[in-house]
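Trainee: Sequence:
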Amino acid sequence: MKYKVAFVCVHNSCRSQMAEGWAKKLGGEIFEVYSAGTENYPEVKPLAVAVMEEAGVDMSEHHPKLLSDIPETLDLLITMGCNVVCPFVPNQHFEDWGLDDPSGGPIEDFRVTRDLIKEKVLQLISRVQSGDIELK
Numbered sequence: 037m038k039y040k041v042a043f044v045c046v047h048n049s050c051r052s053q054m055a056e057g058w059a060k061k062l063g064g065e066i067f068e069v070y071s072a073g074t075e076n077y078p079e080v081k082p083l084a085v086a087v088m089e090e091a092g093v094d095m096s097e098h099h100p101k102l103l104s105d106i107p108e109t110l111d112l113l114i115t116m117g118c119n120v121v122c123p124f125v126p127n128q129h130f131e132d133w134g135l136d137d138p139s140g141g142p143i144e145d146f147r148v149t150r151d152l153i154k155e156k157v158l159q160l161i162s163r164v165q166s167g168d169i170e171l172k
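When we follow the working numbering, the leftmost residue of the sequence shown carries the number 37, and every step to the right adds one.
FYI, nobody ran anything at the bench for these hints, they're computed from the structure.
Not one of these hints is a red herring.
Distance condition first, Cα-Cα at most 27 Å in a straight line; then the derived DSS-like pairs of lysine-lysine:
1. K154 <-> K40
2. K60 <-> K154
3. K61 <-> K172
4. K101 <-> K38
5. K156 <-> K60
Let's have the full structure, built from the sequences with the hints guiding it.
Mentor: Laid out in structure tokens, this is it:
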């Protein structure tokens, strides 16, 4: 059984996209992975795509999505720290990762965010597999 996890941000153009990329690469055997935003945005930030490519994660086909584009119920809902007030999405587990948005900053800021998200995704995988996060 795979658990449905969604990473949510305002524009779904940077942090939530990186989290989707990492979760698919590192946790694809246990997660059905989605990302979404609360507002429309034209593209995934090119620097986000570039730094993920550096780390071996291809996001070249990613595009911003809205909450209406993902399943109506989730096992895990993760917000990225953008003070997003999301419409209610039924879920079994919610957490906010409190990550600063690197948008508008230098590429190094994107790299730092990429690496923080990787660590958080690895921790999330470990917590789900160990039963620290109880999911039905």
